[in-house]
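Participant: One letter stands for each residue in the lines below.
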Amino acid sequence: MAHFRMEIESLSENEEFARVVTAVFMSRMNPTLEQVEDVKTAVSEAVTNAVIHGYQNGEGVIVLEGRIQGDWLTVTVEDRGSGIRDVKRAMEPLYTTDKTGERSGMGFSFMEAFMDQVQVESEPGKGTIVQMKKEIRQEQDGGIPNAASIPKPVSIPESVNTSKAVSTSKAASTSKAASTSKAASISRSVSILESRLVSACGRSSRTAGVIQSILSIQP
Amino acid sequence: MPICCFRHTFVQLLDIWRAVNLQMGHISQKGKTMAQKTFSYEACGQILIIHLPREFDHHNCRNLKYETDLLLAENYINKIVFDFSRTQFMDSSGIGILLNRYKQMKANGGKTTLYGVNNQVSRVLTVGGITRIMEHFDTRDEAVAG
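One line per chain: the protein sequences are D and C, in this order. No gaps in the numbering here: position 156 of the first sequence is 156 in this note's numbering, and each next residue is one more. No gaps in the numbering here: position 131 of the second sequence is 350 in this note's numbering, and each next residue is one more.
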């Protein structure tokens, strides 16, 4: 079992930092590039929620925690911000409290689409804990994902969607891009992650010390 | 391809906007490096091409609404082309941006297209429902013509 826990300031530049750290942490599970991308997207959504909604772009601390138990990766994002009054409603697709119209309201839908389990605990005035789990199976073959692994699209309301005739079958076209061999994709992803981590460190120097401790954790 | 005649005006406007923000302290002293990290604009006739950043997330998109609103108000634009060729990562913040520009263009009878998406971006676009409302192309020329 491997575990890490870190505290980061509620700043929008830490969104990238958080997802890169999580990606590096999970690389020891020998995931496919696609699995790494899925987890990164989900972590980005959760941390963005904490920055924008939890702390309303103000000051605060976000706790990011990762845990590996067997084939399961658990990522927890915790804030002590404003909390959510109605969690069920907040998790509805396209629900947003944003007034500028720039937020899509798809944050929780994305977490659910890209992870296997999402649990949200929240109390108004106290904060929110988002716990996400994903199974990273150790496959012996090439690790080519089947069509079922492609997340289902969020449904867009009538007012936005004009081309009703086009079905969701386009999703199938994305699977062919993943046919590169697992070994090649892993070495590529690790090198990308390393360079990303270095650049992320440079930017948020206050959290840079965390990297040392993460990289020294033994699997 | 149409001649790039509006480009000069665009870039000038954007420089003024960024200078104003710099004075107001919205952009830190790192303004120069930040400008490289975020999006840039290019105009070809009545087409506005938006080159998206490497990380197309909430952090990098904070100013996009104001900048594009300014550009759309000052110039006649009937098509927006999103360039994803540099983009390695995108989340639902990007979906919000794309949807809003799509609605804006549709209200005036305009079009929105995109090109150069990688595998991660393609999955996010599919889940976000963007592939059903916007045409996507492999190359810039196709996206501009399509």
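Take these hints with a grain of salt, some might be off.
Listed next, the in silico DSS-like pairs over lysine-lysine satisfying Cα-Cα at most 25 Å (straight line) [stated by the list, open to error]: (1) D:Lys88 to D:Lys133; (2) C:Lys284 to D:Lys99; (3) D:Lys99 to C:Lys325; (4) C:Lys298 to C:Lys322; (5) D:Lys99 to C:Lys322; (6) C:Lys284 to C:Lys330; (7) D:Lys99 to D:Lys133.
Bear in mind the hints are in silico, worked out from the structure with no lab data behind them.
Participant: Hint by hint, note whether the structure agrees.
Facilitator: Evaluated hints:
A hinted pair counts as satisfied when its Cα atoms are at most 25 Å apart, and lysine 88 of chain D with lysine 133 of chain D qualifies at roughly 19 Å. Straight-line distance between C-alpha atoms of lysine 284 of chain C and lysine 99 of chain D comes to about 13 Å, which keeps the hinted pair within the 25 Å bound. A hinted pair counts as satisfied when its Cα atoms are at most 25 Å apart, and lysine 99 of chain D with lysine 325 of chain C qualifies at roughly 20 Å. Proximity of lysine 298 of chain C to lysine 322 of chain C is assessed by CA-CA distance (about 12 Å); at most 25 Å being required, the pair is judged to hold.
At most 25 Å may separate the alpha-carbon atoms for a hinted pair to count; lysine 99 of chain D and lysine 322 of chain C meet this at roughly 16 Å. Between the alpha carbons of lysine 284 of chain C and lysine 330 of chain C the distance comes to roughly 17 Å, so the proposed pair stays at or under 25 Å and holds. Proximity of lysine 99 of chain D to lysine 133 of chain D is assessed by CA-CA distance (about 31 Å); at most 25 Å being required, the pair is judged violated.
When each numbered hint is compared with the structure, a violation occurs for hint 7 only.
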